[in-house]
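Engineer: Sequence:
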Amino acid sequence: MFGKGFSQALRAFQHHAHCPHPLRQANRAKQPQLHNTCSTAAAAGAAAAVGPLIEATKNVALRVGSAMVLGGGAVMAWSQNPANEMEKSLSTSSVPWVQQLSQQEQVEEMLNPGQMLRKHPVGKLIVDQDHLFDTMVQSGQIQEFRCFYDYATKQFHSVVQLGKDVCGFPQTVHGGLTAAIVDETFGGLGVCLWKSGALGMRPPAYTARLEVDYKKKIPAGSLILCTTHLEKVEDRKIWMTAEVSNGDGVVYATGKALFVAPKLQNVFFGWIPGMRR
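So for the sequence shown, my numbering puts the first residue at 8; every next one is plus one.
By construction, these hints were calculated from the structure, which means they are not laboratory data.
All of these numbers come straight from a predicted model, not from anything done at the bench.
Here are the computed lysine-lysine pairs in the PhoX-like style, where the Cα-Cα straight-line distance is at most 25 Å:
no., residue 1, residue 2
1, LYS202, LYS161
2, LYS244, LYS263
3, LYS270, LYS239
4, LYS161, LYS244
5, LYS223, LYS263
6, LYS263, LYS239
7, LYS171, LYS224
8, LYS263, LYS224
9, LYS223, LYS171
10, LYS222, LYS263
11, LYS171, LYS222
12, LYS263, LYS202
13, LYS202, LYS239
14, LYS270, LYS244
15, LYS270, LYS202
Can you make the complete structure from the sequences, with help from the hints?
Structural biologist: And the structure:
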C-alpha cells in the first residue's frame, strides 16, 4: 500500500529507536555513580546524627548507674552487718593493743570503704574489682587491713599490717602509701558518719584536700594504726584530722583533710543538660 521510500524510512526509524544515542548512554553511565554518591552522603549524615545520640545515651547510662549504686549503697549501709564479713583468724588479733581496741563495747569492726562498694550486689555489676588495698592484700604487699569504728568518740581506726615490698627509701615505707592509708581512713570515718546520720541528707563525700606531715620513718613490715577524728562539719564540707602510729605511742605521721559532699541534684540529675550546678 505504501511506496518503497516510506518502507525504508520506517526501517530507519525503528533502527534508531533500538540503538541508544551516545549522549543517552553517557547519561545512563553517570546515574549509578550519582546514586552511590548520594548513598554515601546519606550514610555520613546519618552517622553524624547518630554519633552524638550514642554518646549521650552512654552518659545517661553512666549517671543512672552511679545513682543506682548510691541508692543501693545507702540501703546496704543501713542494713549490713559487718561482723558477717570479717575473717575469724587474723594474725593481728593476738597483738595486745589490737585486742584492746576490738574488745571495747562501743567499737565495731567494719569493712573498708572500697569493700563496702565492691561487695554490694549493684556495685559488683558496675564497679571494677580494682580497689588499691584489696589488690595489695592479694599481692602480699599488705598482709591485713582492718577497720574499726568507735561510736562513742566518732573515731575511725585502720589497723594495717604492712608487707616488705612497700618501700620508697630502702627498708622504709613509701610516703605515698602512708598518705593513701590516711586518705582511706578518712574515707572510712566519712562513711560511718554518713551512715549514722551525722551528715544529714548529704551523699558520701570525696577528698578535696589532703595534708600529711611525716614525723618518723615507718620500717617495712610494720604494724601501724591510723586513727581519724571529726573536726567540724559546715554545709557540704567535712574537716577531719588523723594520726599514724605504731599503736604504742610512737607517732609516724599526722594529717588533715577536707572532704566535700556532691550536691544531690548533681548526683541524680547531673546527666540532664543544664541541671549540673
